[in-house]
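K.L.:
Residue numbers for the sequence shown, in this note's numbering: 5 to 194.
In case anyone wonders, no lab produced these hints; they're calculated from the structure. Among the hints, erroneous ones may be present.
To be verified - Result set (SDA-like, lysine to any residue): computed pairs, CA atoms no more than 25 Å apart in a straight line: (1) 77 x 89; (2) 77 x 95; (3) 77 x 141; (4) 77 x 119; (5) 77 x 52; (6) 77 x 163; (7) 77 x 125; (8) 77 x 128; (9) 77 x 193; (10) 77 x 129; (11) 77 x 144; (12) 77 x 189; (13) 77 x 87; (14) 77 x 93; (15) 77 x 174.
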Amino acid sequence: MRRGSESTTALRRGIALACLGVAGLGGVGLTGAGCGALPATVEDTLEYEFAVQGSLGGAATGRFPGAGAEIAKTLENAGVPQDRVERVRIVEATLTHLGPACSGQVGCDLAFVERLELFVESPAHPEARVAALDRPGATQRAPLVLEQAEITPYVTDESMTLRASLLPNPRPLQDVQLRLTVRYQVDVRI
5 MRRGSESTTA LRRGIALACL GVAGLGGVGL TGAGCGALPA TVEDTLEYEF
55 AVQGSLGGAA TGRFPGAGAE IAKTLENAGV PQDRVERVRI VEATLTHLGP
105 ACSGQVGCDL AFVERLELFV ESPAHPEARV AALDRPGATQ RAPLVLEQAE
155 ITPYVTDESM TLRASLLPNP RPLQDVQLRL TVRYQVDVRI
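Could you put the whole structure together from the sequences, leaning on the hints where they help?
P.N.:
Structure follows, in structure tokens:
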């Protein structure tokens with residue numbers, strides 16, 4: 005998993021610590037009435053790799069448990085308590101072809117992808133489709149179309165899972181490595 009900008013996170017962490025009255029900025033705390041309503045945004049990226057096996061038929065599925073725990077860790081690192089989270093939403097999702105490096109064969113790019121659907125799920129909430137991609141063509145990277153970008157209810161449960169379901173047509177001749185990248189924003193009240 006790749007993390008967001010270190011300097012942006014440090015700045016946001018400093019603001020959050022100051023407004024929450026936690027020591028850390030030379031003992032200065034901004035605990036005025038305006039601090040409780042100060043909006044801020046924490047942004048980060050989740051990356052997951054999965055394989056589509058060329059010799060097997062049917063759909064390929066990538067399960068990415070722990071997405072909720074990763075988001076909770078990002079908030080913790082930014083100094084933001086869970087109870088200050090206002091809204092969590094996916095702002096971008098992309099699918100990237102990682103390999104094999106070849107040309108002219110099925111599986112050398114994303115042209116073999118008939119449809120990819122991205123779902124969010126947790127034990128406390130029903131599964132929901134958040135993004136999809138239809139026939140991206142002969143490209144190495146393609147954006148998914150966001151359908152339900154807000155995932156706030158799911159993120160409050162650290163056992164939130166992301167699941168990708170890929171339908172190939174035609175099936176690639178060899179195993180293909182893919183990366184799913186999900187960029188999200190958390191609106192917080194500090």
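K.L.:
Are the hints correct? Go through all of them and say.
P.N.:
Evaluation of the provided hints:
The straight-line distance between the Cα atoms of residue 77 and residue 89 is roughly 13 Å, inside the 25 Å bound, and the hint therefore holds. Restraint check for residue 77 and residue 95: satisfied, since their Cα atoms lie roughly 19 Å apart, inside the 25 Å limit. A distance of roughly 36 Å separates the Cα atoms of residue 77 and residue 141; the hinted pair therefore is violated under the 25 Å criterion. For the given pair, residue 77 sits about 31 Å from residue 119 by alpha-carbon distance, which is inconsistent with the 25 Å threshold.
Distance restraint check for residue 77 and residue 52: the Cα-Cα separation of roughly 17 Å lies within the 25 Å cut-off, and the hinted pair is therefore satisfied. Restraint check for residue 77 and residue 163: satisfied, since their Cα atoms lie roughly 13 Å apart, inside the 25 Å limit. The suggested pairing of residue 77 with residue 125 holds, with an alpha-carbon distance near 18 Å, which does not exceed 25 Å. At most 25 Å may separate the alpha-carbon atoms for a hinted pair to count; residue 77 and residue 128 meet this at roughly 20 Å.
A distance of roughly 17 Å separates the Cα atoms of residue 77 and residue 193; the hinted pair therefore holds under the 25 Å criterion. At most 25 Å may separate the alpha-carbon atoms for a hinted pair to count; residue 77 and residue 129 meet this at roughly 21 Å. Restraint check: the Cα-Cα separation between residue 77 and residue 144 comes to about 31 Å, which exceeds 25 Å; the hinted pair is violated. The straight-line distance between the Cα atoms of residue 77 and residue 189 is roughly 14 Å, inside the 25 Å bound, and the hint therefore holds.
For the hint linking residue 77 to residue 87, the alpha-carbon distance of about 14 Å falls within 25 Å, and the restraint holds. For the proposed pair residue 77 and residue 93, the alpha carbon gap of about 16 Å is at most 25 Å, so the pair holds. This hinted pair does not check out: residue 77 and residue 174 have alpha carbons roughly 39 Å apart, beyond 25 Å.
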